[in-house]
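As given, the protein sequences belong to chains R and X, one line each in that order.
With the working numbering as the guide, the letters of the first sequence map in order to residues 53 to 188.
With the working numbering as the guide, the letters of the second sequence map in order to residues 17 to 210.
Read the hints as simulated data drawn from the structure, not as lab findings.
Be careful, since some hints might not be right.
Unchecked claim - Derived contacts from chain X toward chain R, CB cut-off under 7 Å, selection only: (1) G37; (2) E39; (3) S43; (4) E47; (5) Q50; (6) Q72; (7) F75; (8) Q80; (9) L142; (10) D161; (11) V162; (12) G164; (13) R189.
Said to hold, decoys possible - Simulated crosslink set (SDA-like; lysine to any residue; CA at most 20 Å straight-line): (14) X:K166 <-> X:L176; (15) X:K190 <-> R:T63; (16) X:K144 <-> R:A73; (17) X:K144 <-> R:A80; (18) X:K36 <-> R:L104; (19) X:K190 <-> X:E151.
Said to hold, decoys possible - Label pairs and their calculated CB-CB ranges: (20) R:V110 <-> X:E47: 21 to 29 Å; (21) R:D74 <-> X:G148: 13 to 21 Å; (22) X:G148 <-> R:H83: 18 to 26 Å; (23) X:E47 <-> R:S116: 35 to 43 Å; (24) X:E175 <-> R:T129: 50 to 58 Å.
All values derive from a computational prediction rather than experimental measurement.
Ideal Cβ positions, reconstructed from N, Cα and C, are used throughout, including at glycine.
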Amino acid sequence: MRDEFDLAGRTDEMGRDMELADVLRRLAPEHADPNYWMRFREWVVREAAGELARRRLVAHLTVSDVMSSWARALLPTAALAAALAGIILMRGPEDHLQQMVSVEELLVSDLEGETIPATLGPDTSGPAITFASEIF
Amino acid sequence: MSLKASEAPEDDDLVRRARKGEELAFSQLVERYQRAAYSVAYSVTGSREDAEDAAQESFLVALQRLDECRNPERFAGWLMTIVRNRSRNLVRRETLRETDQLPSAARSKVPTPDRVAETAELREMLEKALAGLPEVQRQIVLLHDVEGWKHREIAEALELPSGTVRSHLHFARKSLREALGNMPGAPDQERKIQ
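Looking at chain R on its own, in the form it has when it is part of the complex:
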C-alpha cells in the first residue's frame, strides 16, 4: 500500500516520512543531550552487573563443581553421624537391653496383685453370646 506521502516524494528509501521524522526528533532525548544514549546504556549495564555476574557463575558451574559443593555440606554431616553411631555402638547393646528391662521392672515394682488391670484382661465371667448381644 503506497500512501500519499510516498507520492509526494517526501519519504526516504526506507519509506520514512523525513519531514515528520525531523520534527519528531526534537522530542528525542539526544536532541538536548548528545551523550544521552551512552549514559542510558551505561546505567542499565551498571545496574545489571549483579545479574550478569550471577549468570556467569551459573554458566561456569560444572558437574564436579555441583558435586563438590554438595560434598562440602554432606561430608561433615556424614562424619558427625558416623561418629555418633560409633559412640552408640561402643556403649554396647547390653546396656540398652538392661536399661529397657530395668525400666519395665520399675513400672511394675511395688504394685500388688496383677500388673494388668482386670478390666483389660480377658472376660471369663459371662458366656461369649452375652458379649455378642451387647454389641449388636
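Given chain R, put chain X in place with the hints provided.
Quick look at chain X alone, frame taken from chain R:
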C-alpha cells in the same frame, strides 16, 4: 533494522551470550534497542522521565527473564512487550499516586527558564500533537519514521498484521501533519498534505 549491520551479531546470538552473563552482548542488545524501547515507553507514558524509567527498567527485567525468551531471534518483539507492560504499570501507579495527592487544579508546575524557551514550546506542541494520537499510532510513527523500523519489524514487535501497521502509520502521519500545521519549523504549510 537500520541499526543492524550485516557483520553485527544477530539477536539470537546476543541473547544466548547474555544468558551466560556476557556483559558485552547485553550491552549490545541495550544499544540496539534502547531508542525503540524509549519510543514505545514514551508512546505509552507521554512523559520523557517516565519513558526513561520504564525503558531502563524493562532492560533489567528482560535480563532477569531472559531464559523465558523462547524465540531469541524475536527478542525485539519480546522486549517491546515488556516495555509496554512496564510503561502501563508506571502510568497506573502514577495515576493512583496523583489521585491520592492534591487535585489537579491545585498542582502547578514550577516554571523553569527551559519551559519558557522556544524549544520547550515546540517540544510541548509536539508532545500535544503526539498525545492526540492513539497509543498504537504513536508507537508506530515513532518506530517507523524516527527509529527507522520496517513495517514487518513493527508488526512483529507489536503483534499486529503488517497491513494494520501501514494503515496506522498513514493515519498517524495525517493527524500529526494536521496538528503540527501551525507549528514553526513543522513540515512546510505549502507542502502539507491536505
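Comparing the hints with the structure gives:
no.: 1; hint: G37; result: holds, 3 Å
no.: 2; hint: E39; result: holds, 5 Å
no.: 3; hint: S43; result: holds, 5 Å
no.: 4; hint: E47; result: holds, 6 Å
no.: 5; hint: Q50; result: holds, 6 Å
no.: 6; hint: Q72; result: holds, 5 Å
no.: 7; hint: F75; result: holds, 5 Å
no.: 8; hint: Q80; result: holds, 6 Å
no.: 9; hint: L142; result: holds, 5 Å
no.: 10; hint: D161; result: holds, 4 Å
no.: 11; hint: V162; result: holds, 5 Å
no.: 12; hint: G164; result: holds, 6 Å
no.: 13; hint: R189; result: holds, 6 Å
no.: 14; hint: X:K166 <-> X:L176; result: holds, 13 Å
no.: 15; hint: X:K190 <-> R:T63; result: holds, 14 Å
no.: 16; hint: X:K144 <-> R:A73; result: holds, 16 Å
no.: 17; hint: X:K144 <-> R:A80; result: holds, 15 Å
no.: 18; hint: X:K36 <-> R:L104; result: holds, 8 Å
no.: 19; hint: X:K190 <-> X:E151; result: holds, 15 Å
no.: 20; hint: R:V110 <-> X:E47: 21 to 29 Å; result: holds, 25 Å
no.: 21; hint: R:D74 <-> X:G148: 13 to 21 Å; result: holds, 19 Å
no.: 22; hint: X:G148 <-> R:H83: 18 to 26 Å; result: holds, 21 Å
no.: 23; hint: X:E47 <-> R:S116: 35 to 43 Å; result: holds, 37 Å
no.: 24; hint: X:E175 <-> R:T129: 50 to 58 Å; result: holds, 52 Å
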